[in-house]
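With chain A fixed as given, assemble chain B onto it according to the hints.
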Amino acid sequence: MRIKKVTINHLLENIQPLSAEKGGTAPGLRYSWEQGFHIYGNLNLHLRLSASEDAANAKQYIRIVQAYASIAEACATIANVVLLEVQGEVIHMLLPCELGKQSTDHLLAFCIIFSDIIHKEIKPMAGEAWQSFVMASEHGQAVLLRNGNGSSDSVVSLGPAANHPAKQLPTTEAGMLSIRPETLELVHPNVDHRKSWEQFDLRNPPYKPLSAKQPGSSSITINESLMRSEASNIITKIRPDLSRPLTILSRLDVSHQFETDSNNPFSAQGFYMRADLDGFTADVQAAFEDKTGQAVMQIVNRFAMFMEFADAFAANLQRPVVRLPWAGDCANMVLLPRDGRSYAQERGYVPATESAAWHELTSKANSAGQNWREYLLKSDWAVSIAGGDDKDDGGDGYLLIANIVTASRRFKIAAGWGAGRSHDALGVEGVKGKDTVVHRVDHGELSPQFQKKFHPLNSIFLKATGLTTNILTRESVKDEGKAMPMIITGTNIYVPPPKPHFND
Amino acid sequence: MIDNVMFNVAHKLHDDLVMPRKLNHPGREAYLIRGGVQLNGAVAQCSIIIDLSLFSSPPPVVCHESWLKLGAEWHASPSDKSLCYVFGLEWKDKLEDIVTTHGYFVAAQVAKEWLLRNVQWLLNKHVLSDQLNLTEWPNEWAYWPHGSALATTQYERAKRNRQII
Chain A
1 MRIKKVTINH LLENIQPLSA EKGGTAPGLR YSWEQGFHIY GNLNLHLRLS ASEDAANAKQ
61 YIRIVQAYAS IAEACATIAN VVLLEVQGEV IHMLLPCELG KQSTDHLLAF CIIFSDIIHK
121 EIKPMAGEAW QSFVMASEHG QAVLLRNGNG SSDSVVSLGP AANHPAKQLP TTEAGMLSIR
181 PETLELVHPN VDHRKSWEQF DLRNPPYKPL SAKQPGSSSI TINESLMRSE ASNIITKIRP
241 DLSRPLTILS RLDVSHQFET DSNNPFSAQG FYMRADLDGF TADVQAAFED KTGQAVMQIV
301 NRFAMFMEFA DAFAANLQRP VVRLPWAGDC ANMVLLPRDG RSYAQERGYV PATESAAWHE
361 LTSKANSAGQ NWREYLLKSD WAVSIAGGDD KDDGGDGYLL IANIVTASRR FKIAAGWGAG
421 RSHDALGVEG VKGKDTVVHR VDHGELSPQF QKKFHPLNSI FLKATGLTTN ILTRESVKDE
481 GKAMPMIITG TNIYVPPPKP HFND
Chain B
1 MIDNVMFNVA HKLHDDLVMP RKLNHPGREA YLIRGGVQLN GAVAQCSIII DLSLFSSPPP
61 VVCHESWLKL GAEWHASPSD KSLCYVFGLE WKDKLEDIVT THGYFVAAQV AKEWLLRNVQ
121 WLLNKHVLSD QLNLTEWPNE WAYWPHGSAL ATTQYERAKR NRQII
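Protein chains in written order, with the working numbering: chain A, 1 to 504; chain B, 1 to 165.
Read the hints as simulated data drawn from the structure, not as lab findings.
A few of these clues could be false.
Derived DEER-like restraints, expressed as beta-carbon distance ranges [said to hold, decoys possible]:
#	chain 1	residue 1	chain 2	residue 2	range
1	B	Phe105	A	Glu475	16 to 22 Å
2	A	Thr491	B	Glu136	51 to 57 Å
3	A	Asp311	B	Gly71	32 to 38 Å
4	A	Gly127	B	Thr135	52 to 58 Å
5	B	Gln45	A	Ser363	36 to 42 Å
6	A	Asp479	B	Thr135	18 to 24 Å
7	B	His25	A	Asp311	53 to 59 Å
8	B	Asn8	A	Tyr494	19 to 25 Å
9	A	Glu475	B	Asn8	36 to 42 Å
10	A	Asp390	B	Arg28	44 to 50 Å
11	A	Lys364	B	Gln45	36 to 42 Å
12	B	Gly147	A	Gly466	38 to 44 Å
Backbone N, C-alpha and C fix where the C-beta goes; we use that ideal spot for every residue, glycine too.
Excised from the complex, chain A in its bound form (with noise of 0.2 Å):
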């Protein structure tokens, strides 16, 4: 794969892949290290999305995401904020600046104008499905990475500063930007110095930042007024949108190569799985004293072989599999029954095997004979994956693939009971690289062979530590070989154990 350094601009633009400028046609890989406050939005809402009989639900939900990032991008925008990723509720964006008084005081009028924005516009369209909406940021380095392959806008983003605030999201309160003490207090005297973590109210913020009081008076004041009639404007543009009928397509109707876009959102019942990189933010932290910047191409050239090791994974499988953009060095997909299979057959194996081949392949080389496990080092890969039953708030599988058209950018999501149960399974405290974790429903659906792999995490999660394909198999073929011979009931009658015979 090729790789070049550009500028975070250069970085946005819609670019072709790289190696079609040299007249090839494999896909390129651009990357900028850049610094700055890394900014998450979540939207919380309470929307089942499962199986047809809930479309009405899954086009509302299309219709506010777009809603979201439509304003997160002209918001970011005139804010000199750049939108880095839409992955359904959650928004990452990234304000490039050094770490100081002025850029934090910019930070929070930011993020108090666009809270408001999201509350006053969004809130109203999601009536009875909203809950909240938080944000959390925090500064430091990254490096960003584009892949030139145009199947998603998003940019993934590698170091802990980037990582960091989305995992505070979920302990965030409604209406708070979770912000660190020693950012804070750069602005604002009040903070408390043992917490890691100081939650800023943006409803009634205790600190009223200088860049939102004079909009247009200088050149780092944030124009309040435009990013609201922007906001204002997209959802006049987008009301319309609401009462035109939406077809939500199903696997019958689509071929592997289908392209979704926000007015064709395709439903499945499938398997969301997320891999984790378990390991390697200390190592992109490491790259960051590296000021040649060589430590920082190595990080970018170990992450290129990590998307060639997901598309390695991907082309071995037995069945389509939606790819869907990365989230920092976690690779996400959604795996759909093998053809002339249900979800429902597929759920007695589907989270054992499919894991298990994920971690088996760290141990294979790529085409060109490379170890894959030359460029892990000492990460390691944590596997989720969530399908859910029909009961409670299960979803049956189903899941939700869009793309989400902003004005300049597509972002390709996917939504539903999986996405979310994948994502938190991760979350876990003590789920680490080699783990495979599934969640407890998805477990009792495994056939007995594979239940016992794992072992309670939680009282929600399972985890099974090291399962290989190799390792699955040894043991299931071995367990599956017991062959007991059996006495008939009432008789004392023997019957020799299970031995099968083929005659010509």
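Chain B alone, transformed into the frame defined by chain A:
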């Protein structure tokens, strides 16, 4: 007598299947039993024929599932998807002995349980092989040598050594 025995076996097998279809008894010669065989985490749609040769040769069992692996080493006939779930000579020896010592109805009970247990055992192997993408029958899973002569030699030797009771 044998009619009653056939009726008995057919009905008991029918009762043990998952969502069985109506028991079919087209002539007086045989019963056709169709329904699901319960496996580990799956149900296999099968057809079983019980006829007058019940004690002398294993009743034909056909599995209709798409995951069934066909071929000699998988003990499933590529031509009609019938299962080779037991060695015919062992079946005949054992059941004819039970008929002599315990009578037809006990032999019928044994035949039914033996058939069902062996079919489940074999199909569970097929399910697992499909799930794990196995391309060969593993050595850990017992089977008689293919073909009649080799299997008979091994079976007779095992009988002489009292490895088969």
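- 32 to 38 Å as the expected CB spacing between glycine 71(B) and aspartate 311(A), which holds or is violated: For aspartate 311(A) and glycine 71(B) the Cβ distance comes to about 33 Å; the hint holds.
- Is 53 to 59 Å a correct range for the gap between the Cβ atoms of histidine 25(B) and aspartate 311(A)? For histidine 25(B) and aspartate 311(A) the Cβ distance comes to about 57 Å; the hint holds.
- Item | Distance restraint hint 36 to 42 Å, applied to the beta-carbon atoms of glutamate 475(A) and asparagine 8(B) | The hint (36 to 42 Å, Cβ to Cβ) holds, given that glutamate 475(A) and asparagine 8(B) are roughly 41 Å apart.
- Could one say that the CB atoms of threonine 491(A) and glutamate 136(B) fall in the range 51 to 57 Å? violated (38 Å)
- Query: Could one say that the CB atoms of lysine 364(A) and glutamine 45(B) fall in the range 36 to 42 Å?
  - Reply: holds (37 Å)
- Query: In this structure, is the beta-carbon distance linking glutamine 45(B) and serine 363(A) contained in 36 to 42 Å?
  - Reply: holds (38 Å)
- Query: So does glycine 127(A) sit 52 to 58 Å from threonine 135(B), Cβ to Cβ?
  - Reply: holds (54 Å)
- Verdict for phenylalanine 105(B), glutamate 475(A) (Cβ pair) under range 16 to 22 Å: violated (42 Å)
- Look at the Cβ atoms of asparagine 8(B) and tyrosine 494(A) and judge whether their distance stays inside 19 to 25 Å. holds (21 Å)
- Confirm or reject the claim that glycine 147(B) and glycine 466(A) have a C-beta distance inside 38 to 44 Å. 42 Å Cβ-Cβ, so the 38 to 44 Å window holds.
- 44 to 50 Å as the expected CB spacing between arginine 28(B) and aspartate 390(A), which holds or is violated: holds (46 Å)
- Message: For the hint 18 to 24 Å, verify it against the beta carbon of aspartate 479(A) and that of threonine 135(B).
- Response: holds (20 Å)
In the structure shown, a violation is registered for the earlier hints numbered 1 and 2, in ascending order.
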